[in-house]
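Chains as they are written, first to last, in our numbering: chain L, 3 to 265; chain X, 3 to 265; chain B, 904 to 1211; chain E, 904 to 1211.
You may find that some hints are simply not true.
[Claimed, not checked] Not everything, but these chain X residues come out facing chain B in the computed CB check (under 8 Å):
| # | residue |
| --- | --- |
| 1 | Leu13 |
| 2 | Ala219 |
| 3 | Cys223 |
| 4 | Gly226 |
| 5 | Ala227 |
| 6 | Gly230 |
| 7 | Ala232 |
| 8 | Val233 |
| 9 | Pro234 |
| 10 | Pro259 |
For the record, the hints were derived by calculation from the structure and aren't laboratory data.
Just so you know, even glycine gets a beta-carbon here, dropped at the ideal spot from N, CA and C.
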Amino acid sequence: MGEPRHENLELMRCSVVDCSRPARGYGILRVQPAGPVDAQPGQFAMLEVPRAGTLLHRPMSIMDAGDTLEFLIREVGQGTRSLVSLQAGDEIRMIAPLGQGFAPAMQGQREVLVGGGVGASPLIFHAARNPRPRMIYGGRTGADLVMRERASRVADLVEVTEDGSCGVEGMATGPLSDVLDAGGVDRVLTCGPVPMMAAVARLCADHRVSCLACMEALMACGFGACLGCAVPSRQGGYLYVCSDGPVLDAMSVLFEPLLAAAR
Amino acid sequence: MGEPRHENLELMRCSVVDCSRPARGYGILRVQPAGPVDAQPGQFAMLEVPRAGTLLHRPMSIMDAGDTLEFLIREVGQGTRSLVSLQAGDEIRMIAPLGQGFAPAMQGQREVLVGGGVGASPLIFHAARNPRPRMIYGGRTGADLVMRERASRVADLVEVTEDGSCGVEGMATGPLSDVLDAGGVDRVLTCGPVPMMAAVARLCADHRVSCLACMEALMACGFGACLGCAVPSRQGGYLYVCSDGPVLDAMSVLFEPLLAAAR
Amino acid sequence: MVSTDRLMTRVGPLVLANPVMTASGTWGYGHDVQPAALSAKLGAVCTKGLSLEPRPGNPPPRVCETPAGMLNAIGLANIGVEAFALQVLPVLRQAGVTVIVNIFAKSVGDFARLAERLAREEGIGALELNVSCPNVHEGGIHFGRDPHMAAALTRTVIGASSLPVVVKLTPEAPDIISVARACEQAGACALSAINTIRGMAIDVGTRRPRLAMVYGGLSGPAIRPIALRIVHEVSHAVSIPVVGIGGIGSVEDTLAFLMAGASAVQIGTASFADPMTPFRVIEDLARWCESRETTVKEIIGSVRTGER
Amino acid sequence: MVSTDRLMTRVGPLVLANPVMTASGTWGYGHDVQPAALSAKLGAVCTKGLSLEPRPGNPPPRVCETPAGMLNAIGLANIGVEAFALQVLPVLRQAGVTVIVNIFAKSVGDFARLAERLAREEGIGALELNVSCPNVHEGGIHFGRDPHMAAALTRTVIGASSLPVVVKLTPEAPDIISVARACEQAGACALSAINTIRGMAIDVGTRRPRLAMVYGGLSGPAIRPIALRIVHEVSHAVSIPVVGIGGIGSVEDTLAFLMAGASAVQIGTASFADPMTPFRVIEDLARWCESRETTVKEIIGSVRTGER
Ligand SMILES: Cc1cc2nc3c(=O)[nH]c(=O)nc-3n(C[C@H](O)[C@H](O)[C@H](O)COP(=O)(O)OP(=O)(O)OC[C@H]3O[C@@H](n4cnc5c(N)ncnc54)[C@H](O)[C@@H]3O)c2cc1C
Ligand SMILES: Cc1cc2nc3c(=O)[nH]c(=O)nc-3n(C[C@H](O)[C@H](O)[C@H](O)COP(=O)(O)OP(=O)(O)OC[C@H]3O[C@@H](n4cnc5c(N)ncnc54)[C@H](O)[C@@H]3O)c2cc1C
Ligand SMILES: Cc1cc2nc3c(=O)[nH]c(=O)nc-3n(C[C@H](O)[C@H](O)[C@H](O)COP(=O)(O)O)c2cc1C
Ligand SMILES: Cc1cc2nc3c(=O)[nH]c(=O)nc-3n(C[C@H](O)[C@H](O)[C@H](O)COP(=O)(O)O)c2cc1C
Ligand code: FES
Ligand code: FES
Chain L
3 MGEPRHENLE LMRCSVVDCS RPARGYGILR VQPAGPVDAQ PGQFAMLEVP RAGTLLHRPM
63 SIMDAGDTLE FLIREVGQGT RSLVSLQAGD EIRMIAPLGQ GFAPAMQGQR EVLVGGGVGA
123 SPLIFHAARN PRPRMIYGGR TGADLVMRER ASRVADLVEV TEDGSCGVEG MATGPLSDVL
183 DAGGVDRVLT CGPVPMMAAV ARLCADHRVS CLACMEALMA CGFGACLGCA VPSRQGGYLY
243 VCSDGPVLDA MSVLFEPLLA AAR
Chain X
3 MGEPRHENLE LMRCSVVDCS RPARGYGILR VQPAGPVDAQ PGQFAMLEVP RAGTLLHRPM
63 SIMDAGDTLE FLIREVGQGT RSLVSLQAGD EIRMIAPLGQ GFAPAMQGQR EVLVGGGVGA
123 SPLIFHAARN PRPRMIYGGR TGADLVMRER ASRVADLVEV TEDGSCGVEG MATGPLSDVL
183 DAGGVDRVLT CGPVPMMAAV ARLCADHRVS CLACMEALMA CGFGACLGCA VPSRQGGYLY
243 VCSDGPVLDA MSVLFEPLLA AAR
Chain B
904 MVSTDRLMTR VGPLVLANPV MTASGTWGYG HDVQPAALSA KLGAVCTKGL SLEPRPGNPP
964 PRVCETPAGM LNAIGLANIG VEAFALQVLP VLRQAGVTVI VNIFAKSVGD FARLAERLAR
1024 EEGIGALELN VSCPNVHEGG IHFGRDPHMA AALTRTVIGA SSLPVVVKLT PEAPDIISVA
1084 RACEQAGACA LSAINTIRGM AIDVGTRRPR LAMVYGGLSG PAIRPIALRI VHEVSHAVSI
1144 PVVGIGGIGS VEDTLAFLMA GASAVQIGTA SFADPMTPFR VIEDLARWCE SRETTVKEII
1204 GSVRTGER
Chain E
904 MVSTDRLMTR VGPLVLANPV MTASGTWGYG HDVQPAALSA KLGAVCTKGL SLEPRPGNPP
964 PRVCETPAGM LNAIGLANIG VEAFALQVLP VLRQAGVTVI VNIFAKSVGD FARLAERLAR
1024 EEGIGALELN VSCPNVHEGG IHFGRDPHMA AALTRTVIGA SSLPVVVKLT PEAPDIISVA
1084 RACEQAGACA LSAINTIRGM AIDVGTRRPR LAMVYGGLSG PAIRPIALRI VHEVSHAVSI
1144 PVVGIGGIGS VEDTLAFLMA GASAVQIGTA SFADPMTPFR VIEDLARWCE SRETTVKEII
1204 GSVRTGER
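Next up, chain L with everything else stripped away, as it sits in the complex (with noise of 0.2 Å):
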């Protein structure tokens, strides 16, 4: 309480290196700040949107971190339209990093992550950071799992699809089911759309493992002032998911209204 959650929330501005476009309805931007950028796996960045006369700015996963910042992006509305067409050279402002990442891997800890979507773009900067993980990468079909190429870089990748058009057919609680039961899983990392996050976090309550959930949340502001992301604590009341998340202990959330309002 007495502390500022952040030190500094000044939009920084950036300019964009390239915006390549990894499948139809995805963009992976990449921008070099005018600064270093500190970020820690899970973090976010709230995301100015240039020139589609919008008013709140964009929360987006961080995916990489180093001289540039990277995020994947899929389109679903004006703002990610706009985002994915920038070009080299374009200036977008944002604040980051926001919220609190993954922990980092403790010595010896074996993690499984399991990623949906572009739930997949947190899990692959934790990866990157950390001793190989398993990844486990679920998807409708075959052209959702977009990052496969690069996820399977940084983790050892298990593929799951609905329809069985690539990897595993059925849900990623099916391989998670199996990895968790095999047992020496010390704990779960999981971001992607609430139905899946909400089955892991089961899972992994069954197993006793511990998990963590990367969340989202319709946001206004992406740092503590409006109070508008949040959450179901399991506890009673509310979590934040731009201040005391966006990775959040699975236990300490209350997944089934969020369920029913996706319903």
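The hints should help you fit chains X, B and E with the ligands onto chain L, whose structure is shown.
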């Protein structure tokens, strides 16, 4: 009344050929419409403002219409700033041509054009389509006479600046007064700031010379739907710049309230 | 222009081929801005606010742009009822336009005279009572603020004309639900909502108001969330149809108003930027209904509230 | 951060270094979002709406974007008066922040208890009564709609606390001028306007309201023209200072509200996109006044109406 004023109010897709910058704060936008545009000098277009998040389109006099359409744009706000930053290949939509232009000069009719600021634009178009007229071109300083080169190609140019930095020192009405005193002028065409047009109209009335003013007004639509573009009529009531004009008989316009509003 | 049965809707006794109308004051008289033949493809045209006598309107500046909206203080400039009856109506009738005539007056008596005069003409689908224009003192906004006055006015106009009466609600009514219910009880065949909301803009360079009348009515996407909320509230409070108005410019906007409970919509400000907007919306709506095998009737009021 | 005498302004007994405050609910408690040392550079901080007991707030989704605006239904989540007094106020006091504490309650009695409790603490500049939050049933919007209730509440709170009281007006009051005058007569030291306007948005894909609470408060540039008009109306109807709120994000916006009659402004939604907005506005305002050799005091109410 019984007839619609416009045959076709479809937005026309154009691609930007180029947007040159004749001077700081000005742009000459050249676009290639999908089909041919049969525009008269004095007519205007309603230009969509791409990527600025603005709602309404912006009225712009047509400076030339052949294969391409040309506009002279002064940056005064968000819309015009965005328009002059367009680049070759960009797409822009517009409705054109709109409004009533200058009636062409009749055989042997001797005209004097009096322009100020971007008001030079429709006059240059008119001059290019008619026997070489005399054109008085005024501005605060020489830097304001951005189209002087081009104007001198189509008209006998008299330059006037308030600070004397270029051509005659003073107001455009100075040289106009001399010309009218000398006699032989059949009509005067004017476009520019309201105080200039009001003074020109008064001079012409004093000399019993007919005067056409190409007027501006704040516009929401540009095609007679909103009734926003009213200017007071000397006959009582209002004239509508977009449909009765923009070229109006200067005698029919009540300039006094417009002058008061501009103070 | 598509017009399948899927798009059919009712506004009181009016059966409309589709639920897309143009809003009063944004489409002229239906034949002067766009050809009457085009207007005939709309669900209906609401003509520019009409008074007994012609009116010149307010001094300029009359309009200015604001974030995602605009302010207007046109002052209900119009050609007067006689010119409308003699010059406009025959053209609209000929072209088969469904016409809703928006009217206003400064007294109940003048409203009645206006309605009477119009009732003598063929080809009018309904009257829309503008009891809510914020831009002129005599524009009748007091009628729209008070349930009793609104009801009395509605009754008088119905008595004077026998034409179906739509009452256009002002968002500035202290208690819009009461006004809506009072108009329903007084016999209105439908309600339309909303008219503009009074606003102001200042040019800080000159320190002048951007409108000569100082205040003007705010319209456009900026007011859409407010309009949608009011349409939702009102359509749940009455059982006559509600026509949704306010910042509509796309099929998504139209669907939102229908789902909230509107039986039809009016498009205003959006037509200023693109005067083909209403036709695009009709086509998109036809495609939307087609691809989902649904109808406008099914969409009306289908918002899923209270499920969480 | 500049803070010259040119920017000085008064809000009742409060003398502010500059007229730029942060709006309640958009700047946390003044020390948690941005450091208290930064908050100290503001004219004042209005803290997040506070109640006697802590409140968890509404279920998500709580926010959504709309054209040039946003809807929120936070539900007045807050830490409660005890935690505020014990954990927050000492930090703000220490840093020298000018604090206006925004409070709400569901009864006059609870309002009084809240005011009494806060009056026991040092370092509070004024109370701002939120009688207008549209997002919770017990949020007290009824107090803000009725002149008599608003006046009675104001009197009670003043009696209970001796702290200066600012009443925050709701644009949804049937007669906002009467409410304003009633609060003035009841002893309010200033009025602030406006709070958000209730709106709604629907996701037409899922047919669900975009907010779990269905309706939420509209804020941001979309409402600016409405807010400016209300500030102009209210500041001409009362002689106590008015604090302008609604869609302010730049020095031009701030100047417009000052010219319309506001003695100070609050910045809300604009800080969500850029949390340095208030400081940028202060700097720009200092430059504007400097270059024109003028002062905030001179700008207040200087709009040139009635000159045409
Ligand atoms: C912490 C965090 C990290 C995120 N990381 C990524 C990422 O790495 N890559 C990526 O593509 N997206 C990410 N998102 C989601 C992304 O922020 C939204 O997709 C984006 O804001 C939508 O903006 P828009 O203007 O394109 O869509 P809008 O027009 O605003 O909305 C389009 C649709 O998307 C939904 N939507 C909007 N915002 C969100 C959201 N925050 N979460 C879920 N659904 C939303 C809306 O409800 C609507 O149905 C993240 C969100 C959060 C909170
Ligand atoms: C028929 C017609 C022809 C025109 N031809 C030209 C032209 O050839 N070249 C050119 O540069 N401009 C022309 N204008 C003016 C031009 O339309 C405006 O400058 C433009 O709309 C301003 O848009 P903005 O978004 O940049 O400014 P805004 O942010 O909208 O306004 C900035 C400032 O400009 C003023 N302004 C806005 N619109 C007008 C207007 N229509 N007339 C006068 N002042 C205005 C505003 O009051 C404000 O003070 C013409 C206007 C009309 C009506
Ligand atoms: C320029 C203009 C003129 C209008 N004139 C009228 C009118 O004469 N009568 C009326 O009832 N409403 C009038 N309105 C209000 C519109 O019909 C409509 O209710 C309002 O603009 C909201 O819809 P929109 O956001 O789609 O424009 C006018 C609106 C505008 C913008
Ligand atoms: C997320 C959010 C939370 C708010 N919480 C409060 C509150 O607790 N108390 C209050 O009086 N106003 C609250 N408001 C209203 C603002 O203080 C302000 O009156 C309104 O947002 C208009 O200003 P703006 O357009 O600058 O945001 C809140 C507004 C927002 C957007
Ligand atoms: S997004 Fe604003 S508090 Fe979390
Ligand atoms: S600009 Fe709309 S009527 Fe002239």
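For the hint on Leu13(X), does the least C-beta distance to chain B fall short of 8 Å? This hint holds: Leu13(X) lies near chain B, its Cβ roughly 6 Å from the closest one there, short of 8 Å.
Quick check on Pro234(X) please, does its C-beta sit within 8 Å of some C-beta on chain B? Nearest chain B Cβ about 7 Å off; hint holds.
Would the hint on Ala227(X) be counted as holding, given a Cβ-Cβ threshold of 8 Å to chain B? Hint holds; Ala227(X) Cβ to chain B Cβ min 5 Å, cut 8 Å.
Could you check if Val233(X) really has its C-beta closer than 8 Å to a C-beta on chain B? Where the cut-off is 8 Å and the nearest Cβ of chain B is about 6 Å from Val233(X), the hint holds.
Tell me if Gly230(X) is really an interface residue toward chain B, meaning its C-beta lies closer than 8 Å to one of theirs. holds (4 Å)
Using 8 Å as the Cβ threshold, decide whether Gly226(X) counts as touching chain B. holds (5 Å)
Going by Cβ atoms only, is Cys223(X) closer than 8 Å to chain B? Constraint on Cys223(X) satisfied, holds at 4 Å.
If you take the shortest Cβ to Cβ gap from Pro259(X) to chain B, is it below 8 Å? Because about 6 Å separates Pro259(X) from the closest Cβ in chain B, which is inside the 8 Å limit, the hint holds.
Should the interface hint for Ala232(X) be scored as holding, given a Cβ-Cβ cut-off of 8 Å against chain B? With a closest approach of 5 Å, the Ala232(X) hint holds.
Interface hint outcome for Ala219(X) [beta carbon to chain B under 8 Å]: holds (6 Å)
Violated hints: none; the structure is consistent with every hint.
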